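A.B. asks: Chains as they are written, first to last, in the working numbering: chain S, 1 to 80; chain R, 1 to 222; chain A, 1 to 230.
Worth flagging that the hints you see were computed from the coordinates, not collected in a lab. There may be inaccurate statements among the hints.
Think about it this way: if two alpha-carbon atoms lie no more than 25 Å apart in a straight line, the pair counts; the simulated SDA-like pairs of lysine to any residue are [as the list claims (entries may be wrong)]:
(1) R:K196 - A:T117
(2) S:K34 - A:L93
(3) A:K76 - R:A214
(4) S:K34 - A:T130
(5) A:K104 - S:L24
(6) S:K34 - A:T17
(7) S:K34 - A:V18
(8) A:K76 - A:G221
(9) R:K196 - A:L168
(10) A:K76 - S:M31
Label-pair restraints from in silico Cβ distances [said to hold, decoys possible]:
(11) A:L189 - S:V28: 26 to 34 Å
(12) R:I114 - A:P160: 32 to 40 Å
(13) A:P75 - R:A214: 14 to 22 Å
None of these values were measured; they are calculated from a predicted model. Don't be surprised by glycine CBs; every beta carbon is placed ideally from N, CA and C.
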Amino acid sequence: MTPPLALENGGYVGAAYLVFLLLLLIYVAIMASKLQRIQRELSSLAELADRPSSGDPDHDVGDVHQREHEIEAVRQGGRR
Amino acid sequence: MTPFTAILRKDLRVELRTLRSLPAMALFAVTAFVIFRFGLDRTSLDGELAAGVLVPTLLFAALLAINRLFVAEREEGGFELIRLAPIDRTVLFAAKASALVIYLVVLELIAVPIFALFFLDTASGLVPFALVLVLADIGLAATGTVISTIATMSSARDLLAPLILLPLLVPLVIAAAGAGEHLLSAGGPDYGGFGKWLGLLGLYDLVFLLVGYATFDFLLED
Amino acid sequence: MATALQQITLRRLAIVTVAVMGAGYALAFLYAPQDATEGFAQKIFYLHVPLAIVSLLGFIVAGIHAIRHLRSGDPKHDARSYVSIHISVILGLAVLLTGAIWAKSQWGVWWEWREPTLVSFLIVFLLYATYYPLRYAIEDRDRQARYASVFAITAGAFVPLNFLAVRLAQPYIHPRTFSSSGGLPGEMLLAFLVCLAGMALLWLTLVWFELDAKAASANLGRIRRALEAS
Numbered sequence: 001m002t003p004p005l006a007l008e009n010g011g012y013v014g015a016a017y018l019v020f021l022l023l024l025l026i027y028v029a030i031m032a033s034k035l036q037r038i039q040r041e042l043s044s045l046a047e048l049a050d051r052p053s054s055g056d057p058d059h060d061v062g063d064v065h066q067r068e069h070e071i072e073a074v075r076q077g078g079r080r
Numbered sequence: 001m002t003p004f005t006a007i008l009r010k011d012l013r014v015e016l017r018t019l020r021s022l023p024a025m026a027l028f029a030v031t032a033f034v035i036f037r038f039g040l041d042r043t044s045l046d047g048e049l050a051a052g053v054l055v056p057t058l059l060f061a062a063l064l065a066i067n068r069l070f071v072a073e074r075e076e077g078g079f080e081l082i083r084l085a086p087i088d089r090t091v092l093f094a095a096k097a098s099a100l101v102i103y104l105v106v107l108e109l110i111a112v113p114i115f116a117l118f119f120l121d122t123a124s125g126l127v128p129f130a131l132v133l134v135l136a137d138i139g140l141a142a143t144g145t146v147i148s149t150i151a152t153m154s155s156a157r158d159l160l161a162p163l164i165l166l167p168l169l170v171p172l173v174i175a176a177a178g179a180g181e182h183l184l185s186a187g188g189p190d191y192g193g194f195g196k197w198l199g200l201l202g203l204y205d206l207v208f209l210l211v212g213y214a215t216f217d218f219l220l221e222d
Numbered sequence: 001m002a003t004a005l006q007q008i009t010l011r012r013l014a015i016v017t018v019a020v021m022g023a024g025y026a027l028a029f030l031y032a033p034q035d036a037t038e039g040f041a042q043k044i045f046y047l048h049v050p051l052a053i054v055s056l057l058g059f060i061v062a063g064i065h066a067i068r069h070l071r072s073g074d075p076k077h078d079a080r081s082y083v084s085i086h087i088s089v090i091l092g093l094a095v096l097l098t099g100a101i102w103a104k105s106q107w108g109v110w111w112e113w114r115e116p117t118l119v120s121f122l123i124v125f126l127l128y129a130t131y132y133p134l135r136y137a138i139e140d141r142d143r144q145a146r147y148a149s150v151f152a153i154t155a156g157a158f159v160p161l162n163f164l165a166v167r168l169a170q171p172y173i174h175p176r177t178f179s180s181s182g183g184l185p186g187e188m189l190l191a192f193l194v195c196l197a198g199m200a201l202l203w204l205t206l207v208w209f210e211l212d213a214k215a216a217s218a219n220l221g222r223i224r225r226a227l228e229a230s
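The following block holds chain S by itself, in its conformation from the complex:
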């Protein structure tokens, strides 16, 4: 039998394995962007969790700036 590594036609073999690796890498890239989305959601939720849970019914949940001020105010208050 011929030795294991006689390299004619190497181009095709390389191409096939390369295609496989590329597909895997593309998958990794997609999962990486999913992970980024999860991280962003997680930090936004962390902010949400930090605000006081006073159950104020008039509190406007959509007002991000309002919320940031409140978080800052609570932090300042907590430090004193």
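Use these hints to put chains R and A onto chain S, whose structure you have.
C.D. replies: For chains R and A alone, coordinates are given in the frame of chain S:
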């Protein structure tokens, strides 16, 4: 079969408006044959070309029929009525599939002789080929009933049903065309490989009748 | 035995996968002898065939998960079915691409209708590609999952039938297949089996990975809803 099945089949057959859709289906098949005559630039066909024209034409006519029968019923609310009735849903599957088989057989009784008239030099192969077609119709009905039920409950029903169905029907096309290639050959029917195509068709029918019977309940529950 | 199973984490699975795949391909290139008739290009065999086998098994596994989903109504089985199909479709794409490259190297054409595995795969791929528009077209979550499960079961039953049908359709004279001339000698068989095991482990790793990501997203959704409610 239970009396319910018989009643249901009768009801469905009326609901199928068989008389209304059939002329259109037959017309479609005949026009398709004309198109093939010019597309292939042939006036007589035999063997694999004959099978290659007849089987796909019947397949596409069947897809139109499925669309007509199931989608139309959904839109006219007939489906809802049957869903609410206190009957075993697998009976509904049996009834719908049977109705579809009957419909397809009638369609073939019209289209195949016309095909023979147009293209075949000898019609002796048509008798065994009829058996092939009936078996294929059963498989088509089993798969078609399940998939079109899925599709009619979705938003893209016109597109989705043929899209999902076509790959699923490939084994039937392989078997029917494979058998037809031999049965419709110029010198009269040749039974080479006949057994294996019948076997494949029978296996397909068995598997998908079982799958339909086992899963149809889950398609109709709320 | 139960505690042993608990020791299997995604991280450990991934490490084992890398090890086995590495070993498999080392064997394929450095240990297994070169095929006399096909030459070096035959080495694609160690990639293409394991991909095909694992992808097909994956579709059947998805069908089994779908059966469990219908019986129990538990959405976790639906998630497993969905992800199994997803990963198998990706591997299926790899099968078609590597198959085309192999066909080019063997016969000088990018596609060969007489290669039964390639053709069967094309049909299976076309079928499972409809899984996504199907799910997308049904709004109601519960119904979507149920219908997808029925599809997965139907398609899973279809896979072996399809392979049989395409094989039967092969011309008796001059079939062109990828299968190696004659049986596989011992060294080749060993390398092949290890590569196959590695590919199966890869499939498992990717499925588990994706299921974890989905679960994380779902949990985040729940947390957000809980926080916004308070």
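A.B. asks: The structure should be examined with respect to each hint, and the outcome stated for every one.
C.D. replies: Quick rundown of the hints versus the structure:
1. R:K196 - A:T117: Holds, because 20 Å separates the two Cα atoms, which is no more than 25 Å.
2. S:K34 - A:L93: Distance ~21 Å between K34 (chain S) and L93 (chain A) Cα, so the pair holds.
3. A:K76 - R:A214: holds, 21 Å
4. S:K34 - A:T130: Status holds; Cα separation ~23 Å.
5. A:K104 - S:L24: Holds, because 23 Å separates the two Cα atoms, which is no more than 25 Å.
6. S:K34 - A:T17: Status holds; Cα separation ~23 Å.
7. S:K34 - A:V18: With Cα atoms ~23 Å apart, K34 (chain S) and V18 (chain A) stay inside 25 Å; holds.
8. A:K76 - A:G221: holds, 16 Å
9. R:K196 - A:L168: Roughly 8 Å between the alpha carbons, so the hint for K196 (chain R) and L168 (chain A) holds.
10. A:K76 - S:M31: Distance of about 20 Å is within 25 Å: holds.
11. A:L189 - S:V28: 26 to 34 Å: holds, 31 Å
12. R:I114 - A:P160: 32 to 40 Å: At 37 Å between Cβs, range holds.
13. A:P75 - R:A214: 14 to 22 Å: holds, 21 Å
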